[in-house]
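Asker: If you want the building blocks of each chain, they are given just below.
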Amino acid sequence: MSQNTLFDKVWDLHKVSSLPGGSDQIFIGLHLIHEVTSPQAFGALKDKDLKVKFPDRTVATVDHIVPTDNQSRPFKDNLAEQMIETLEKNCLEHKIRFFNIGSGNQGIVHVVAPELGLTQPGMTIACGDSHTSTHGAFGSIAFGIGTSQVRDVLATQTIAMNKLKVRQIWCENKLTKGVYAKDLVLHIINELGVKAGVGFAYEFAGPAIDELSMEERMTICNMSIEGGARCGYINPDEKTFIYIKNKLCSPKNENWDKALTWWKSLKSDENSIYDDVVKLDASKVEPTVTWGITPGQSISINQQIPLLDELSPNDKLVAKEAYEYMSFKPGQLIKDTPVDVCFIGSCTNGRISDLRVAAQVLKDKKVSKNVKAFVVPGSEKVATKAKQEGIDQIFKDSGFQWREPGCSMCLAMNSDKLIGNQVSASSSNRNFKGRQGSPSGRTLLMSPAMVAAAAINGKVSDVREFIN
Amino acid sequence: MKSNFIPPIGKISNVNGQCISLIGNDIDTDRIIPARFLKCVNFDSLGESVFEDDRRTFKGKHPFDLEENKNASILVVNSNFGCGSSREHAPQALMRWGIKAIIGESFADIFYSNCIAIGIPCFTLPKKSIDEIQNYCDNQSLLLEIDLKNSLAKSKDLNFNLEIKESSRKMFLSGEWDATSTLLDNKNLIDNKFNQLPYIKFNTNFL
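Respectively, the protein sequence lines represent chains G and B.
Using our numbering, you'd call the opening residue of the first sequence number 99 and step up by one each time.
Using our numbering, you'd call the opening residue of the second sequence number 5 and step up by one each time.
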C-alpha cells in the first residue's frame, strides 16, 4: 500500500469517515458541473427533497452540447437548448456560479477551471466527466464521477469511494523536437495498456515531466483515464504556482502567501512508497498516432501497424476488431494515410499553447483541398488570447475554420460530426468506434502539431519535416 | 426494452435471471450509449438506445436483439468493460433494457462505481470461467442464481465463486449502495472537515 505520496496526503486530509462497508467518505473541495451529467442529479435532489450543501464549492459551465458555428440563443437544436436552459435554471435556483456563453469565461470545463485559478494543489476535485483527471496537473486529486455521485456531492459535498493504489510513472530525459506531451501520453498508454490503470492513481514524474509547461502537464493528466487510471497527478512546483498566480479566483495578497506555504509542503516524500513504479525514456518517444479503436493502439509515425502475431494474446481480440473497423491492413504504414477531416481542440489539446504550436506549422501554408479543417478553442479566454496574438488569422489564412469554444467533435454532441467512414486527424482523446459522430467514422489521435501537418498534406505526416 | 421498468431499491441480496453474453474487450461507454443519446435531462428513454450503433451494424444479430435474450438480466462480458466516458447513462441504459447484474473479467473504474451507485452488482471471474459461461450461452440459455451473501452463482450445470469488492458486497446487502443518506448521516463530520481544510480559508475570493 502506498505511503506518503501526494495522493496519500490529499486523500487522508479529505477523509471524512470510514463507511460501514469499508470504503471512505471523501470531501470534495471543488465540484465542477456541466449540462450533460448534472440535470438528473438536480432532479434526484428534488425527488429526495435535498438542498445543495455548499453551493460555493460547485462551479458550472456549458461545453458539451454548445454549437461552435452559431452560438446565438435559442440554439437551433431544441434538445441542446433544453439542456442549457435546465443548467441555467438549476444554477439560478441553487445559487451556483455559472460561466455561461458570452461571460468571457465559458469553455470546456477542464480548460476553464485552471485558467480561472479554481484548480489548486492539494484539493480534491470531482466532475461528472472522465477527463477531470486533467486537474491533477496542479497536484490536486481529481477524478470523474457519474451522475449519482454528482448528486451526492451536491447534497453532501462528499462521495463514497475506495482509496486507489498509486503507480509512479517516471519519465527519464527530455522529449525531442517535434515531440509533444500528447505523444508522450499516447506512448505511455501504449506501453502500459488501456486497463493497466484500473484501481490506480498515476503519479507522473521525472525530468521529462518537470520540463513540461502546465498546459502540457494537463494534456498528460487528462489522458490518464485512457490508460484506465481515474486519477493522474503531478507534484506541484514553481511552474504550478506561477500559473495560478493572479488568476481571477486565485488567492490574493496575504492569502497568496498562506496558500504558497501550504502548497510547497505538498508533494510526495523522497521516501514515498508506491504500489508500483514504471520507468520510461521520454527521449525515445517519437510523434505518435493511433491506428485503432482504443487510445492504446498507437505507433510512432514511421512504424507499421502491428501484425497480429506481434501482439499479446489479450490485445489480439481488439486488434482484429480495429483492423476491420479502420480498414487498415496489418503491416501497413500509418504515414501517408489520407485524412478527410482535421480537428484541433478538446480538453486534451485545446489550450493556447496547443493553438500556438499548430499555428507555427500552418503559417504561410495551405490546408489540402481534400480536407475539412477546423479549430475549436478550449474556452472564450483561449479564443480571446489567440485573437490578440493573431493566431486566429493564421488558421483562417491556411484554410482552417475558426470556431467558437466547446467540446465539439471530440465527442460530437453538437453538429460537428464525421460523415460516413471519413478519417479524422484529431487532437482529442478518444478514437472509439463512432466517437466523432458517425457510427463508421474513423479517428486518428495525434498532437495538434501533427494535425496541422496532416491538414497541409492531406495525409498523416511527420511534423518534424515542417519545423526544421 | 422492458416497459415496466422499476429501479432497484433497498437491500440487494439475490439476482436470479438469464445470462446474456457480449463478447469483446475494452467495450467503451460510447458504444454502450452513443453521445447523441446524452442529449436528455432524464434517463427514462435510454433503454431502447443501448448499443444502438453496434446493433445497427449487426442487423438484428446483436445479442441485445436476439429473441432468446429478450428476458435476460445478467450480462456476461470480457475485460475492461465500460472504459472511457464517465456517463452514468451507460449503466442506466443497460438497466433500463433489463440488466440487473454484470459478470465480467474486469471493469473500468468509473463504470464500476456508477453501477454500484445505481444498484447493479458487478462481479468478476477469471477469463477461463467467463469463456465457459459465454460458450455455454452460445448453445443454450443459462439461468443463474446469484447469492451476494456468499458470492456464489449457481445453475443447473455451472457453479462459480464470484469475486466482488467487499465494500460493494456489504453495501448491496445493507442497502447502502444508494449512498446519499449514509453520507448525510455524517453531517457534523462533513462540517468539521470543511472548517479544517486549509484552502477553504485562503480562498476568500474563490467565488
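Source of the hints: derived by calculation from the structure; they are not laboratory data.
Treat the hints with care, as some may be off.
Claimed, not checked - Examples of chain B residues toward chain G, derived with CB under 8 Å: (1) Asn84; (2) Ser117; (3) Lys158.
All C-beta atoms, glycine included, are put in the ideal place defined by N, C-alpha and C.
Asker: Close enough to count: is the Cβ of asparagine 84/B nearer than 8 Å to one in chain G?
Answerer: With a minimum Cβ separation of about 4 Å from chain G (threshold 8 Å), the hint on asparagine 84/B holds.
Asker: Mind checking the CB of serine 117/B against every CB in chain G and telling me if the closest is under 8 Å?
Answerer: Holds - the Cβ of serine 117/B comes within 8 Å of chain G, reaching about 7 Å at its closest.
Asker: Closer than 8 Å between Cβ atoms is the bar; does lysine 158/B clear it against chain G? Give me holds or violated.
Answerer: violated, 25 Å
Taken one by one, the earlier hints fail for this structure only at number 3.
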